[in-house]
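What follows is the residue order along each chain.
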Amino acid sequence: MAFLQAILLGFLVVCAISVSFSRNLLNSIIIYMSFSLVMAMIWICLESPDLAITEAAVGAGVTTILFFVTLKKIHAIGQEDGKDKH
Amino acid sequence: MNRREKEKRKEKSEKEEKKSSRFESWLDGDRDIYDGNMELRPQKEYEPSPYLLRRQENERKKMEERVNDVARNKEYRVFKRAYRVLAVVFCLSFIALLVLAVSWLPPVGQAGNPDNNEVSARYIEEGLQETGSVNIVTGMILTYRAFDTFGETNVLFIATCCVMVMLMLDEAVLKKQETDNDRKYEPKNDAILQGMAFILCPVIFIFGIYVILGGHLGPGGGFSGGAVIGAGLILYVIAFGFKKTQRFFNEAVYKTAKITSLVMYGLIGSYFYITGANGIENHIPLGLPGHILSGGIILPINICVGIEVACTMYAFYALFRRGGL
Chain A
1 MAFLQAILLG FLVVCAISVS FSRNLLNSII IYMSFSLVMA MIWICLESPD LAITEAAVGA
61 GVTTILFFVT LKKIHAIGQE DGKDKH
Chain B
1001 MNRREKEKRK EKSEKEEKKS SRFESWLDGD RDIYDGNMEL RPQKEYEPSP YLLRRQENER
1061 KKMEERVNDV ARNKEYRVFK RAYRVLAVVF CLSFIALLVL AVSWLPPVGQ AGNPDNNEVS
1121 ARYIEEGLQE TGSVNIVTGM ILTYRAFDTF GETNVLFIAT CCVMVMLMLD EAVLKKQETD
1181 NDRKYEPKND AILQGMAFIL CPVIFIFGIY VILGGHLGPG GGFSGGAVIG AGLILYVIAF
1241 GFKKTQRFFN EAVYKTAKIT SLVMYGLIGS YFYITGANGI ENHIPLGLPG HILSGGIILP
1301 INICVGIEVA CTMYAFYALF RRGGL
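Protein chains in written order, with this note's numbering: chain A, 1 to 86; chain B, 1001 to 1325.
Just so you know, the hints here were simulated from the structure itself, not pulled from any lab data.
Built from N, CA and C at the ideal position, the CB exists for glycine as well.
Mixed in with the good hints there might be a few duds.
Each computed EDC-like pair below joins lysine to aspartate or glutamate, with the alpha-carbon atoms no more than 20 Å apart [unchecked claim]:
1) A:73 to B:1170
2) B:1255 to B:1171
3) B:1243 to B:1178
4) A:72 to B:1190
5) B:1243 to B:1170
6) B:1243 to B:1190
7) B:1062 to B:1075
8) B:1255 to B:1152
9) A:72 to B:1178
10) B:1244 to B:1178
11) B:1244 to B:1190
12) A:73 to B:1178
So the derived label-pair ranges between C-beta atoms look like this [claimed, not checked]:
13) B:1112 to A:30: 40 to 46 Å
14) A:9 to B:1112: 26 to 32 Å
15) A:13 to B:1174: 41 to 47 Å
16) B:1152 to A:30: 44 to 50 Å
17) B:1213 to A:13: 34 to 40 Å
18) A:23 to B:1277: 54 to 60 Å
Please work from the sequences and hints to get the whole structure.
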């Protein structure tokens, strides 16, 4: 279990660093989402499933979607008709 | 739809006849208070002279040339170099500060630590008898610290109110957008998305309801369950569009659910605070720990918080996306 936690914590650090170094905003949001998912797993390892449920729903779900919506609103990511600006 | 509109119009004319509804119409903004009381002259549209326009254009061009001339802009180069150095210095000093703060913390799991005091001992030892909740965390935040949680729920309510004030569009604008381009905001009948949502949405909703109702028995509670239901609602909207969602979750339902749950929470909570603070016996039975109907005020408050949070999550998405519910 400690080995698994170590892997997860390492993944967390990698995610956190790559979020700030990624130039594509869409990529950094998706990496942030995976950060939240890994964090939810770590909460379960730390025996707090309450927090894990909230983290998975709010951190990985709702926050990410709000980021996507905001990016779409300021035209930072492509529209639905396939015109990608990147 | 047609009949409904007619009924609405009828209601409106009836409303106008009543004098008591004047206040309501003023509150809804139907009537302009200056209308008829004040002489209003139609405003002329501002038209800048061609000379002014040309001057502004020239100034803008000059400005752009100066700004875009990076190679010869000395200030910009100095600023860029200083910015990089200062950013690194700031980050390093911040990390050093945090590491220093962590090194001052007492080691984990020692008996003499400040968090190991009589409060947590009381929660752990007598929480089950006093709150009737098997899950200590829920029992703690909804009974011993119910006042804090009430404040948090109010923060959520105020946050949505602020988002509504900033992002809500007029109904007329929304209608026009809809007739211009229906489902402008969502992917148009994506088969994969709709199939997945068809399977996943009921599961998500049921899981959310389970998490809310079982908050005092196992992991979960109002906030987590509400967030799960809100995420499910957002998935449903993304897959099937706002029109289908509005059949069961429109602005009227949203307002009623949100305000009712907050008021219910306030009423249950204040009964609990008043009886608790004055040493009066409260008449909410605690029930047998482990049963679904147990834990006194925890179950109803969990349901209220769950509705509140689910509404908030969905409203955030809808307001960001579309400007209306």
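Against the structure, the hints come out as follows:
no., hint, result
1, A:73 to B:1170, "18 Å, holds"
2, B:1255 to B:1171, "16 Å, holds"
3, B:1243 to B:1178, "10 Å, holds"
4, A:72 to B:1190, "18 Å, holds"
5, B:1243 to B:1170, "17 Å, holds"
6, B:1243 to B:1190, "16 Å, holds"
7, B:1062 to B:1075, "17 Å, holds"
8, B:1255 to B:1152, "19 Å, holds"
9, A:72 to B:1178, "18 Å, holds"
10, B:1244 to B:1178, "13 Å, holds"
11, B:1244 to B:1190, "15 Å, holds"
12, A:73 to B:1178, "17 Å, holds"
13, B:1112 to A:30: 40 to 46 Å, "45 Å, holds"
14, A:9 to B:1112: 26 to 32 Å, "28 Å, holds"
15, A:13 to B:1174: 41 to 47 Å, "45 Å, holds"
16, B:1152 to A:30: 44 to 50 Å, "29 Å, violated"
17, B:1213 to A:13: 34 to 40 Å, "38 Å, holds"
18, A:23 to B:1277: 54 to 60 Å, "56 Å, holds"
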